[in-house]
Amino acid sequence: MKRAALAALLGVALAFPLVFTLPFPRHVMIMIFLYGSLAVAWNILAGYCGQISLGHAVFFGLGAYTSTLLVARAGWSPWLGMLAGAVVAVLVSQAVGFPVFRLRGHYFAIATIAVGEIVQTVFINWDWAGGARGVFVPIKRPDSFVNFQFNESKAVYYYVALGLLLLALAVTRRVERSRVGYYFRAIREDQDAAASLGVHVAREKQRAMAISAGLTALGGTFFAQYLLFIDPETVFPLSLSILICLISVLGGVGTLWGPVIGAAVLVPLSEYTRVWLGGTGKALDLVIYGALIVGVAVAQPAGLVGLARRLHSVR
Amino acid sequence: MSLIEVEGVTKRFGGVVANRDVSFAVAPGELVGVIGPNGAGKSTLFDLITGFQRPDAGRVRLDGEDVTRLRPDEVARRGVARTFQKLKPFAEMTVLENVMVGAFARTADVVAARTTAREALASVGLAERAEAHARGLSTGQRKRLELARALATKPRLLLLDEVTGGVDQATIPGLVRLVRDLHARGLALLVIEHNMRVIMELAQRVVALQMGEVIADGPPAEIVRNPRVIDAYLGAAWRP
Numbered sequence: 002m003k004r005a006a007l008a009a010l011l012g013v014a015l016a017f018p019l020v021f022t023l024p025f026p027r028h029v030m031i032m033i034f035l036y037g038s039l040a041v042a043w044n045i046l047a048g049y050c051g052q053i054s055l056g057h058a059v060f061f062g063l064g065a066y067t068s069t070l071l072v073a074r075a076g077w078s079p080w081l082g083m084l085a086g087a088v089v090a091v092l093v094s095q096a097v098g099f100p101v102f103r104l105r106g107h108y109f110a111i112a113t114i115a116v117g118e119i120v121q122t123v124f125i126n127w128d129w130a131g132g133a134r135g136v137f138v139p140i141k142r143p144d145s146f147v148n149f150q151f152n153e154s155k156a157v158y159y160y161v162a163l164g165l166l167l168l169a170l171a172v173t174r175r176v177e178r179s180r181v182g183y184y185f186r187a188i189r190e191d192q193d194a195a196a197s198l199g200v201h202v203a204r205e206k207q208r209a210m211a212i213s214a215g216l217t218a219l220g221g222t223f224f225a226q227y228l229l230f231i232d233p234e235t236v237f238p239l240s241l242s243i244l245i246c247l248i249s250v251l252g253g254v255g256t257l258w259g260p261v262i263g264a265a266v267l268v269p270l271s272e273y274t275r276v277w278l279g280g281t282g283k284a285l286d287l288v289i290y291g292a293l294i295v296g297v298a299v300a301q302p303a304g305l306v307g308l309a310r311r312l313h314s315v316r
Numbered sequence: 012m013s014l015i016e017v018e019g020v021t022k023r024f025g026g027v028v029a030n031r032d033v034s035f036a037v038a039p040g041e042l043v044g045v046i047g048p049n050g051a052g053k054s055t056l057f058d059l060i061t062g063f064q065r066p067d068a069g070r071v072r073l074d075g076e077d078v079t080r081l082r083p084d085e086v087a088r089r090g091v092a093r094t095f096q097k098l099k100p101f102a103e104m105t106v107l108e109n110v111m112v113g114a115f116a117r118t119a120d121v122v123a124a125r126t127t128a129r130e131a132l133a134s135v136g137l138a139e140r141a142e143a144h145a146r147g148l149s150t151g152q153r154k155r156l157e158l159a160r161a162l163a164t165k166p167r168l169l170l171l172d173e174v175t176g177g178v179d180q181a182t183i184p185g186l187v188r189l190v191r192d193l194h195a196r197g198l199a200l201l202v203i204e205h206n207m208r209v210i211m212e213l214a215q216r217v218v219a220l221q222m223g224e225v226i227a228d229g230p231p232a233e234i235v236r237n238p239r240v241i242d243a244y245l246g247a248a249w250r251p
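Note that the protein sequences, when read in sequence, are chains A and B.
Numbering follows this note's numbering, with no gaps: position 128 of the first sequence is 129.
Numbering follows this note's numbering, with no gaps: position 154 of the second sequence is 165.
It should be emphasised that the hints constitute simulated quantities derived from the structure, not laboratory data.
Just to be clear, a hint being listed does not mean it is correct.
What the hints assert, rightly or not - Pairs of lysine to any residue, SDA-like flavour, derived with a Cα cap of 20 Å:
id: 1; chain 1: B; residue 1: Lys-165; chain 2: B; residue 2: Gly-90
id: 2; chain 1: B; residue 1: Lys-97; chain 2: A; residue 2: Tyr-160
id: 3; chain 1: B; residue 1: Lys-165; chain 2: A; residue 2: Gly-106
id: 4; chain 1: B; residue 1: Lys-99; chain 2: A; residue 2: Gly-106
id: 5; chain 1: B; residue 1: Lys-99; chain 2: B; residue 2: Ala-36
id: 6; chain 1: B; residue 1: Lys-165; chain 2: B; residue 2: Arg-216
id: 7; chain 1: B; residue 1: Lys-99; chain 2: A; residue 2: Asp-191
Unchecked claim - Sample of chain B residues at the chain A side, in silico, Cβ under 10 Å:
id: 8; residue: Glu-108
id: 9; residue: Asp-120
id: 10; residue: Arg-160
id: 11; residue: Ala-163
id: 12; residue: Thr-164
id: 13; residue: Asp-228
id: 14; residue: Ala-232
id: 15; residue: Asn-237
Here a beta-carbon is modelled for each residue, glycine too, at the ideal position from N, C-alpha and C.
Put together the whole structure using the sequences plus the hints.
Here it is in structure tokens:
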């Protein structure tokens, strides 16, 4: 039954671009998939392992910058750049994790904000990487899969973004059902108790960080190839780190589908308020987010997934 | 040969000496009690043995191997399990999942870990609560859960920090029986306990601590008559 529902959902997702041929609905779906994949990736570290990062834009930006610089300066294929971006993000995550994981709880979250600000500042002042002006991805015509550019139709971007989301979900599923998943949750619940049962806490946190950072970087490369222009303001902002967190919190942290549901609610809200209100309504989506988060915190701290479960068990 | 040897261990926190030159040993299969007034350094001693704290001086050996500088998880994987005085259940995980975390110390396989966990739960009489969330358990059940979790790591030595502390009188006999069963199965135990009747009934040997120092080490019958122990608990005025 559940399997059939998932298959139906996947069928709808696959058929969507065939029915909706205009760019805007496709764009909204692409953003749901992209932000969904980022939130799913974040959830592995924060939701399962309990390490609340507010610096995940670092890994997103590293993914975007690594691939874009390799494409623009060295003529690499963006697909290889995507892999390289994931590798860079994983390496940086391990270097950052080593000192930052010594902090617990709020102090960890604060340190990740600091790391995010540092990395953004570095890129703003790094001339070779485009500095504050950013970098363009050289336009390639005609569209080709090798060049990861599809300027004539959003359909291919749509399927690539869906692929990213499915990959992030598959990785989460795998984690959930293996020893590491149990270890992550044990660390979230009580790291001393976990250690007393043979869990190498520091190593498991680094593992969660690596998985999360690598998946996040893939989304960064996708974003760069989708917009064909990046700058530090767009790919490294604290607001992105917070948005990723909000999406997961709204949907339900520590659950497989929570972040996807959060993205499916918040992304259209943001995209449509932007369209309806134009530039003047720039911050209104954030006001609505804020209200939603307060509502979730008060009414159902387990997020929309928790709400759905409660309704289900009542029935 | 001793299973665990504590040799001249000293631990200071600022000006406070929590353990001073503490030495004792536990033989394989032995059940040793640790007693002492509040603040005598019992829990610190457990932390030093299990790697949660590092002593300023002295050594801890497990089967002859120096484990003094090992991390808690390394000590656990070498066969020393513990419970905590302040219980630490994984609240948002089920009882079974809690115990599986312990079982994963010996296997990476989820099915095997689940089997081990079910056995451990059965051995502490908590099998029927396997699917419940740990946060829903009573204090007595949480104590059993911590025991099951520790047992699932397949330890050679189990350190119990106040098995009967904080549970009602009716629950104590069951817990005591449980500890005795574990001992009967050949497990070595080091047990911190405030309830003197319980410790006298269970322990083959008792180590008494006061102000971080060992003031007595011997069979329970001797310990209750030891003048220094009586002084430590009641004050010299009450010496018979």
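Structure-based check of all given hints:
no., hint, verdict
1, Lys-165(B) to Gly-90(B), "holds, 7 Å"
2, Lys-97(B) to Tyr-160(A), "violated, 51 Å"
3, Lys-165(B) to Gly-106(A), "violated, 31 Å"
4, Lys-99(B) to Gly-106(A), "holds, 17 Å"
5, Lys-99(B) to Ala-36(B), "violated, 27 Å"
6, Lys-165(B) to Arg-216(B), "violated, 23 Å"
7, Lys-99(B) to Asp-191(A), "holds, 7 Å"
8, Glu-108, "holds, 6 Å"
9, Asp-120, "holds, 8 Å"
10, Arg-160, "holds, 6 Å"
11, Ala-163, "holds, 8 Å"
12, Thr-164, "holds, 6 Å"
13, Asp-228, "violated, 26 Å"
14, Ala-232, "violated, 33 Å"
15, Asn-237, "violated, 32 Å"
Hints 2, 3, 5, 6, 13, 14 and 15, counting from the list given before, are not met by this structure.
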